[in-house]
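**Q** Next come the chains, spelled out residue by residue.
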Amino acid sequence: MALLQQIPVPLLAVNDTTLTVVEITRRSGEPVRKGDQLMVFETSKTTYEVVAEADGFVEFLCEVDGDYEVGAVVARIFSEAAEVATRQAPAQPGRSEQPVPPASKDIALAVWEGETLFSQAALQMMEARAIARGSFAGRDFVSARDVEALEAGLKKPATSAGNPSGDGPARRQRPVLPADPSRVIIEKLTSGKRREIEYLSEVQSTGLTSTLHTFFETRGIFGHINHSMQYLKNSLLPVICYETSRLLRKYPALNGYFTGEAVAYYREVNLGFAIDIDKGLKVLKLGAADSLSLPEIEQEIMRLSNQYLDDKLDIGDLTDITFTITDLSGEGVSFFKPLVNKMNSAILGVSSIDEQLKRCTLSVTFDHRVSEGKMVARFLSDLKGRLESYQSRFHPAVHKEITCFKCFKSLQEDLGDTGFVQCITPQGQEAYICQSCLKGF
Amino acid sequence: MMQAIKINHRIIKEALRIRKVEEKFLQLFSQGKLNGTVHTCVGQEFSAVAFAGQLKKKDFIFSNHRCHGHYIAFTGDVRGLLAELLGKASGTSGGIGSSQHLCHHNFFSNGIQGGIVPVAAGYALAGKLKNNGAIGIVFIGDGTLGEGVLYETMNILSKWEIPLLIVCENNFYAQSTPQHINLAGDIQARARAFGIRTFKGNTWEPELLMEQSAEAIAFVRDQQKPCFFQVDTYRLNAHSKGDDDRDPEDVALHRQKDYLHIFQQQSPSYYQMYEEAINQEIDAMVEEIFKESDLPIEKYFQPSTRTDDREWKTLEPVNKRQVELINTFFQEKLVSDERTVFLGEDIHSPYGGAFKVTKELSFLRPERVFTTPISEAAVVGISNGLALNGFRPITEIMFGDFMTLAMDQIINHASKFHHMFNRKVNCPVVIRTPMGGRRGYGPTHSQTLDKFLVGIDNVKTVALNTFIDPALIYRSVSSEEHPVIVIENKTDYGKKLLHTRPRNFTCQANGDPYPVVRISPAVSAPTLTLVAYGGMADMAASLLETIFSETDLLAELIIPSLISDLPLDILTESASRTGRLVVLEEGSPFGGIGGELIAGVTEKADVKIRVRRIAALPVPIPSVKSLEHLVLPEKNRIIQELKESF
Ligand SMILES: Cc1ncc(C[n+]2csc(CCOP(=O)(O)OP(=O)(O)O)c2C)c(N)n1
Numbered sequence: 001m002a003l004l005q006q007i008p009v010p011l012l013a014v015n016d017t018t019l020t021v022v023e024i025t026r027r028s029g030e031p032v033r034k035g036d037q038l039m040v041f042e043t044s045k046t047t048y049e050v051v052a053e054a055d056g057f058v059e060f061l062c063e064v065d066g067d068y069e070v071g072a073v074v075a076r077i078f079s080e081a082a083e084v085a086t087r088q089a090p091a092q093p094g095r096s097e098q099p100v101p102p103a104s105k106d107i108a109l110a111v112w113e114g115e116t117l118f119s120q121a122a123l124q125m126m127e128a129r130a131i132a133r134g135s136f137a138g139r140d141f142v143s144a145r146d147v148e149a150l151e152a153g154l155k156k157p158a159t160s161a162g163n164p165s166g167d168g169p170a171r172r173q174r175p176v177l178p179a180d181p182s183r184v185i186i187e188k189l190t191s192g193k194r195r196e197i198e199y200l201s202e203v204q205s206t207g208l209t210s211t212l213h214t215f216f217e218t219r220g221i222f223g224h225i226n227h228s229m230q231y232l233k234n235s236l237l238p239v240i241c242y243e244t245s246r247l248l249r250k251y252p253a254l255n256g257y258f259t260g261e262a263v264a265y266y267r268e269v270n271l272g273f274a275i276d277i278d279k280g281l282k283v284l285k286l287g288a289a290d291s292l293s294l295p296e297i298e299q300e301i302m303r304l305s306n307q308y309l310d311d312k313l314d315i316g317d318l319t320d321i322t323f324t325i326t327d328l329s330g331e332g333v334s335f336f337k338p339l340v341n342k343m344n345s346a347i348l349g350v351s352s353i354d355e356q357l358k359r360c361t362l363s364v365t366f367d368h369r370v371s372e373g374k375m376v377a378r379f380l381s382d383l384k385g386r387l388e389s390y391q392s393r394f395h396p397a398v399h400k401e402i403t404c405f406k407c408f409k410s411l412q413e414d415l416g417d418t419g420f421v422q423c424i425t426p427q428g429q430e431a432y433i434c435q436s437c438l439k440g441f
Numbered sequence: 001m002m003q004a005i006k007i008n009h010r011i012i013k014e015a016l017r018i019r020k021v022e023e024k025f026l027q028l029f030s031q032g033k034l035n036g037t038v039h040t041c042v043g044q045e046f047s048a049v050a051f052a053g054q055l056k057k058k059d060f061i062f063s064n065h066r067c068h069g070h071y072i073a074f075t076g077d078v079r080g081l082l083a084e085l086l087g088k089a090s091g092t093s094g095g096i097g098s099s100q101h102l103c104h105h106n107f108f109s110n111g112i113q114g115g116i117v118p119v120a121a122g123y124a125l126a127g128k129l130k131n132n133g134a135i136g137i138v139f140i141g142d143g144t145l146g147e148g149v150l151y152e153t154m155n156i157l158s159k160w161e162i163p164l165l166i167v168c169e170n171n172f173y174a175q176s177t178p179q180h181i182n183l184a185g186d187i188q189a190r191a192r193a194f195g196i197r198t199f200k201g202n203t204w205e206p207e208l209l210m211e212q213s214a215e216a217i218a219f220v221r222d223q224q225k226p227c228f229f230q231v232d233t234y235r236l237n238a239h240s241k242g243d244d245d246r247d248p249e250d251v252a253l254h255r256q257k258d259y260l261h262i263f264q265q266q267s268p269s270y271y272q273m274y275e276e277a278i279n280q281e282i283d284a285m286v287e288e289i290f291k292e293s294d295l296p297i298e299k300y301f302q303p304s305t306r307t308d309d310r311e312w313k314t315l316e317p318v319n320k321r322q323v324e325l326i327n328t329f330f331q332e333k334l335v336s337d338e339r340t341v342f343l344g345e346d347i348h349s350p351y352g353g354a355f356k357v358t359k360e361l362s363f364l365r366p367e368r369v370f371t372t373p374i375s376e377a378a379v380v381g382i383s384n385g386l387a388l389n390g391f392r393p394i395t396e397i398m399f400g401d402f403m404t405l406a407m408d409q410i411i412n413h414a415s416k417f418h419h420m421f422n423r424k425v426n427c428p429v430v431i432r433t434p435m436g437g438r439r440g441y442g443p444t445h446s447q448t449l450d451k452f453l454v455g456i457d458n459v460k461t462v463a464l465n466t467f468i469d470p471a472l473i474y475r476s477v478s479s480e481e482h483p484v485i486v487i488e489n490k491t492d493y494g495k496k497l498l499h500t501r502p503r504n505f506t507c508q509a510n511g512d513p514y515p516v517v518r519i520s521p522a523v524s525a526p527t528l529t530l531v532a533y534g535g536m537a538d539m540a541a542s543l544l545e546t547i548f549s550e551t552d553l554l555a556e557l558i559i560p561s562l563i564s565d566l567p568l569d570i571l572t573e574s575a576s577r578t579g580r581l582v583v584l585e586e587g588s589p590f591g592g593i594g595g596e597l598i599a600g601v602t603e604k605a606d607v608k609i610r611v612r613r614i615a616a617l618p619v620p621i622p623s624v625k626s627l628e629h630l631v632l633p634e635k636n637r638i639i640q641e642l643k644e645s646f
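Sequence order for the protein chains is B and R.
Numbered by the numbering used here, the letters in the first sequence go through residues 1 to 441 in order.
Numbered by the numbering used here, the letters in the second sequence go through residues 1 to 646 in order.
With the rest of the complex left out, here is chain B (with noise of 0.2 Å):
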């Protein structure tokens, strides 16, 4: 008789203190074999699944379509069936069984396996307030910090910020129906897009945000921009994420996040950019951004995108995003307002190049309790000034070696803005021909 596993909502993103649980493929009571399906989870950005780690047999402590939060036991496989059965209590969901504490990045969350090492204030503190070092299982150390950040999620667990619950504020609204409830199809919501309004809703419901809109110009800009690129030619993401990313360093308020009373900063600068192509909408990963060179961006951009279409998409790709763009640029959008994530305290959005006044309107919605209008405002100026030096005017050198066969001026030298046009020699070779050679002046 013996309990050979438990089974605990695991930690999957940093993000995510709830889970889903989306699929239960075996029912309480049955036989399973190690390495057997048991159950699926949902995270806001993809599933998992837990397979069993031994054989036995298997008890759910939980439900379909429940949200647990992590750490929270929901199944177990005990060595006899008989041992099922005496535990039929599931697990409620949205209610842990252990304190779990905020999900901030300044707590560790790793888990260590070595002893647990107190601060001095820890420990007085935890004595002044009877908690137990048991609390702090799975840590290397436990400093006065640790303690309060325990309190404070144990005082407001769910809806405390950075530990929202699955019965957060986006759930608890209380279902509006018409007075005659045939009069509108009711469909649930998927727990995608349940997910996308709680995420939502994190920042967005304070009413605190504002957005402001700025343009920048495009006038030559691929010049330059095409010629560091291998795939995404006449793009601006690359560009506008490897800028964006730098720029982030000098602001700091825009790569953080309101914390419920103070505000944090992310240490690195984790950029994530929306994608929707079938495939449901997400937000990509690229860590580091900061560090990345702009071939790197595009080749990182390309693997993503390649993996969100193959359905191969890793955790990584998808957690710890620090900053967000979102690339409405494809959508003939001349200017819109994008939505901050949760632990996110800005995001940039993007819209279309407009070809007739040659310009694309970049849009910043920020959190206003992290950061204010003004700064904001800089940070766009400085962004349109970065992605405005890519215009040709300023980088003369990268069209040296494009000539015009005919009177050999160089694209460089040349003044007008139509560029040249490359054509076939009547010696049948390739070359280009300016403006002023194939019209005439």
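Hints may contain errors.
Stated by the list, open to error - Here are the simulated DSS-like cross-link-like pairs (lysine-lysine), alpha carbons at most 25 Å apart as the crow flies:
| # | chain 1 | residue 1 | chain 2 | residue 2 |
| --- | --- | --- | --- | --- |
| 1 | R | K128 | R | K57 |
| 2 | B | K406 | B | K337 |
| 3 | R | K313 | R | K299 |
| 4 | R | K33 | R | K20 |
| 5 | B | K250 | R | K33 |
| 6 | R | K13 | B | K374 |
| 7 | B | K250 | R | K604 |
| 8 | R | K356 | R | K496 |
| 9 | R | K333 | R | K495 |
What the hints assert, rightly or not - From chain B, some residues computed to sit far from chain R (all C-beta separations above 12 Å):
| # | residue |
| --- | --- |
| 10 | Y48 |
| 11 | A82 |
| 12 | E113 |
| 13 | E115 |
| 14 | L123 |
| 15 | M125 |
| 16 | D140 |
| 17 | V142 |
| 18 | S143 |
| 19 | R145 |
| 20 | T190 |
| 21 | G223 |
| 22 | D354 |
Think of the hints as simulated: they come from the structure by calculation, not from any bench.
Cβ atoms here follow ideal geometry from the backbone N, Cα and C, with glycine treated the same way.
For this one, chain B is given, so just place chain R with the ligand on it according to the hints.
**A** Positioned in the frame of chain B, the structure of chain R with the ligand alone reads:
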């Protein structure tokens, strides 16, 4: 009526060329076309011709501020000299050195009185080790007989039988001061006291001087021994320019006595013919040189950009004491690399140095391990000379406190040679010394003086610690092209590598040639960036747990090993994350590495960081244990200061 003279006209022409070049300099100087100053040897030219002119090509010369004559007589490179003084890129030192800092093939000059003597001795020693038959001359003035390093070197020259000829150009003045005011005793007797053979001659009898100098040179070459030559002479012009307080009558008298003057009187047509030819030659060169350009700054100085390696590898303990690891590396190096030479006081085995670092070395390769007299300045100077002449000396200064005695050799010689000779030479000398207290050795044997060693341009300063294998560091040191000072620590010698491993921390090092060690909490994010190096590193590591327990601050300890160029990116990143930066120093804080480090991090960081230096009290280190403990940064004070700061 004067006696008809008999002299080789080639010698006359040589001396006259020197004079005409220098007269040109004076003319250009008064026209404001020369930068700085010149010291001419007008009146002393035959000394240059007799000594520098009679050496072989493979021989070498070290000279002083009054070096134009020696240079022309030895190298014949009048053009290079003219261009140098006119500050042109084609000058012998690219215009960097000007009058007193010339370098061409085996000719070197430096403007520090006396300092070149041990360097010349080292250069000569290198020739002797290579057994290439080369000998050298070092020129000094009579005023330089006041410099102590000269005597340290004469002692060694004699003991080690180094083939160097010291030529003392005795012109009876040192700058403005007549000899009788500052010089006691007899000049030659000084050298004789060391058992060095002496000669005496003068520039008024050039034929005789030529014979005597040839004899002295032959003696040095054949006997492979040093020799000292006193040449009485007189400079007819001012010390440098217009600064002449000598009795005009005395000067006029010597003008009459000047041999070129006599020659001019006696053979005016020859004199005129030679003079015209030489002047023409010089004028043509000067005209051409005027059209040339100066050295662009980029050719002289390229800013070095340090990029810290970010591949962190976990460190493993090694069950060997630091001193054994150093010694093993030295033994292997001595045997495998013929250019390696060890020097230092008491380094011969069986004693093997005060801290046994050089144990066994003299048994392995006795010819390349030199136990030296107590002469830090000369020994480091000799090391510089060895390094200039192709060897890789590793020199021990018995206690770090004694480094001050070698400072002129480090700062004015080793550090400057490469640049002041316009990158023609490198001086890859390695000077290693133990610092640090906690042994009760008291005020002059305990101090950590690293702050005086980290601001020397072109010199790297490295501090060993008990986390990185010293062999790894010494391997990097051995491949440097420029001087390196290695600070070891007395209390670390006996410790095993990584013997201090705080619980719940990870010890890692990056892949820099001089690795940076990072000791971080295993999982949690640190809340304090602590920096320690050298002997303080081990102590800091041992305190990490206590610091956490008592101050609630969870430290990440960063240990640089190259302390003359700090890993600012790594430090700034860490400190920006933790918001707190503390530097532990075993020396006193003012003007120290802590200040430098904090300034560097502050310049780079975008966020506000709270900082603190915890260092020794600003007094010499007491011997009595209770006080020594309190003067050096120790546990209670560190905790106390941390609590006060944050
Ligand atoms: C270490 C040092 N101290 C002082 C000086 C300044 N100085 C330059 S030349 C000189 C006089 C040197 O006299 P001496 O050695 O007799 O040579 P002379 O000038 O007579 O040729 C002095 C004091 C110096 N260059 N180096």
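**Q** Each of the hints needs a verdict: does it hold here or not?
**A** Status of the hints after comparison with the structure:
1. K128(R) - K57(R): Between K128(R) and K57(R) the Cα gap is close to 16 Å, so the pair holds against 25 Å.
2. K406(B) - K337(B): violated (49 Å)
3. K313(R) - K299(R): violated (38 Å)
4. K33(R) - K20(R): With Cα atoms ~17 Å apart, K33(R) and K20(R) stay inside 25 Å; holds.
5. K250(B) - K33(R): Given that 25 Å is the threshold and the Cα spacing comes to 51 Å, the pair is violated.
6. K13(R) - K374(B): violated (81 Å)
7. K250(B) - K604(R): holds (12 Å)
8. K356(R) - K496(R): holds (16 Å)
9. K333(R) - K495(R): holds (22 Å)
10. Y48: The assertion about Y48(B) holds, with a minimum of 22 Å to chain R.
11. A82: Nearest chain R Cβ is 40 Å from A82(B), so the label holds.
12. E113: violated (9 Å)
13. E115: At about 7 Å from chain R, E115(B) fails to clear the 12 Å cut-off, so the statement is violated.
14. L123: About 9 Å separates L123(B) from the closest Cβ of chain R, which leaves it inside 12 Å; violated.
15. M125: violated (10 Å)
16. D140: Violated, since 4 Å does not exceed 12 Å.
17. V142: Not fine: 8 Å to the nearest Cβ puts V142(B) too close to chain R.
18. S143: Not fine: 5 Å to the nearest Cβ puts S143(B) too close to chain R.
19. R145: violated (8 Å)
20. T190: holds (36 Å)
21. G223: holds (30 Å)
22. D354: holds (35 Å)
Of the hints listed earlier, those the structure fails to meet are numbers 2, 3, 5, 6, 12, 13, 14, 15, 16, 17, 18, 19, in rising order.
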